[in-house]
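Novice: Line order of the protein sequences matches chains A and B.
Oh and the first sequence: position 419 is 419 in the working numbering, straight run, nothing missing.
To convert a position in the second sequence, counted from 1, into the working numbering, add 1000.
It should be emphasised that the hints constitute simulated quantities derived from the structure, not laboratory data.
The structure presented is a predicted model; accordingly, all values stated were derived computationally and were not measured.
Beta carbons are placed, not taken as given, at the ideal position from N, Cα and C, and that holds for glycine.
Heads up, a few of these hints could be off.
Derived DEER-like restraints, expressed as beta-carbon distance ranges [what the hints assert, rightly or not]: (1) A/4 with B/1062: 42 to 48 Å; (2) B/1155 with A/165: 51 to 57 Å; (3) B/1136 with A/22: 37 to 43 Å.
Lysine to aspartate or glutamate pairs mimicking EDC-like chemistry, simulated, CA-CA at most 20 Å apart [unchecked claim]: (4) B/1342 with B/1315; (5) A/430 with B/1248; (6) B/1055 with B/1031; (7) B/1227 with A/25; (8) A/227 with B/1026.
Protein chains: 2
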Amino acid sequence: MPHFLSTSDADFETRFTALLGAKREDSPDVDDAVAGIIADVRARGDAALIELTAKFDRLELTPESLAFTREEVDAHCANVPPAEKQALETAAQRIRAYHVRQMPEDAFWTDPDGASLGWRWTAVSAAGLYVPGGLASYPSSVLMNAIPAKVAGVERLAIAVPTPDGKVNPLVLMAARLAGVDEIYRIGGAQAIAALAYGTESVAPVDKITGPGNAYVAAAKRRVFGKVGIDMIAGPSEILVIADADNDPDWLALDLLSQAEHDESAQSILITDSPALAKAVAAAVEKRLETLERREIAGASWRENGAVITVSDLDEAAALSNRIAPEHLEICTAAPLELSQKCQHAGAIFLGGWTPEAIGDYVGGPNHVLPTARSARFSSGLSVMDFLKRTTLAQMTPAALKAIGPAAERLAISESLEAHGLSVRARLDKLNEG
Amino acid sequence: MPHFLSTSDADFETRFTALLGAKREDSPDVDDAVAGIIADVRARGDAALIELTAKFDRLELTPESLAFTREEVDAHCANVPPAEKQALETAAQRIRAYHVRQMPEDAFWTDPDGASLGWRWTAVSAAGLYVPGGLASYPSSVLMNAIPAKVAGVERLAIAVPTPDGKVNPLVLMAARLAGVDEIYRIGGAQAIAALAYGTESVAPVDKITGPGNAYVAAAKRRVFGKVGIDMIAGPSEILVIADADNDPDWLALDLLSQAEHDESAQSILITDSPALAKAVAAAVEKRLETLERREIAGASWRENGAVITVSDLDEAAALSNRIAPEHLEICTAAPLELSQKCQHAGAIFLGGWTPEAIGDYVGGPNHVLPTARSARFSSGLSVMDFLKRTTLAQMTPAALKAIGPAAERLAISESLEAHGLSVRARLDKLNEG
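Make a model of the complete structure from these sequences and hints.
Specialist: Shown next as structure tokens:
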């Protein structure tokens, strides 16, 4: 049974706070092991990478076979059925069209004091994308990470994907090809992150690393942060569905289950102003759980972390949503856009009953890499901005320096930074001479 | 003596790589101590905060005196001389005018398939700004952190500033007032970061923490990252000056020294195509070092980390600049804007001889919180974006779902995520019925 709460219950606040604070994931402490692996790859380069891949992935590589060749990628792509290929193309085209619109503009202007100011956006030169192997090797995630990088203008985009026992998902390679990925390495785990961050004889280092991974990958990303940029450390996935009475309970049940089936630590929450819908959705979930392929995982997630919350009106639902700050928020009400304006803290919002969250996972266009674990309070999903950086620009004229230089000198002196003040003063003196 | 290099030297590449890789800062390992302090503040709240402040800052507080009252701030602000107040006002006005232009726009459009897509920017609800005490308690940094937060629309902005022995810099309080800061706490160190991240009885938690600090503060920020957002972890400061022959050597010497005087681990580099200027600037630095107040610090920085690099032409200078990825880049050449377009990796660029870097520290308008230690390769200076997050929006119509839903279903099946596919299929079936 999931958690059933109602804002009219006397103990609602206590139970809701407990739900918010519940730790859904045990993070094994692999930090020491990861530190050792990173040090090894830094010290011994390819040799360490090859040994570690033999050990963890049961795969014997050479410096030459660390990367897939163009011909190998061709051969795997030839195995992708046409329907899958076309679906990937549709997804890639739509994701690209959305992310192109995110490109920010440069600016340069002259202000009333005569100072020219502005900024310029440039792409990260080289980026690395981690793709998990095995079950969680999702071609959709390749598109979602690689396309924003290429739209931003990243010149060199490398993928690291472990291929345990030599097995690789051909759709992952096809997605990489469609997204314009430049290099694909058969490496995984902390050793792959170390190679991307520090480089080896055969893997040139990158400036930024993104993409999901297990506890080793996450710990390695934390450790190389600073040497390179990283994206967020993803936690277990969440969905919040806000719905009024006028919904098909089975549709909402499937939306909740499409989160729950990811992982036992995923969380699916329904908030509704209709006690009848609350009951009907809970029943529909149980019915679908009878036959769902991943019913073990989805059922455990729903029982442990799922919740059905009844509220007195939809404003109350929006207020609770802001406290949850969900990764995914589906709003199935009569006026979803209006209600969404009251939901400030969410990674992605899906508006109306015709927009199941799964559309956003694949072909909607917006990114599916989103802030989890309440971090939508302060962070955003992956975007082209993650592969760009901004350089600010400033140019003074003699007149501009005369106008604002004395204030800078005064503040420098008050901060006891004499050379700062003198660097302005020397120029002002020259102007006063002239 | 600083490092003298020339790209025409046989050993240039070796020496330049060594310069790039040199570790300028020892980071003491304070992580265990910090973990203990955070756990203590989480467990005991105000009581821990008050005990730790008595221990580290020799200041006895009560829950009521943790924060400055409005009257206390008034009284300190009354001690700020009019010239300093006016300089702070000039700086605040110019920083605000620059950052207002950074506000990104929301978007919402309908694409050819009938899908409505877009995004919406919203502010972080509550932010905390750390301000170091003692020597490095810079009012300019208060403006640079607080103004972007308020421009972004942060409703609640709290400052933590330690006041060892009860001493506070009145200019810091004046800067906080000018920037619109809502709460100012007399707390510092890891205990302040813990209080801002987790809250105590008297300090409400925030969603994002920014601002510089010592090794304890930096370690605490790393530890609370995830619970709250943080800005970058700042390393020692750097300046790169690219100059042609037509410059006053004394001006450039002062610009180099205005970085060097911050810290022995700061780095100042001159790159020039004029061997004569290289010599003249090095001589001018030595001359200024004879009398500079902070000559011990600035001299040590210049001798240990400073460098003068002679190149054959300015394109070579730009290429080296991209490898250095400097925090501050001053371009003192005949056509600085043109040359700046070849310098993709820099936190802030100062164009032309009338734009000393110190202008940017105080009154230029762009932010002075900038990426250090080569991180301009992948990150940007502080901006309003650091206090905003983006929620993506998607709304399908029945026709849009009919157009793109089958591709989503296909990809869901290929990823073995049955409920994802069913959540789309159930809706498509309804449409096909109709």
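Novice: Any hints this thing doesn't respect? Which numbers, in order?
Specialist: Those not satisfied: there are none.
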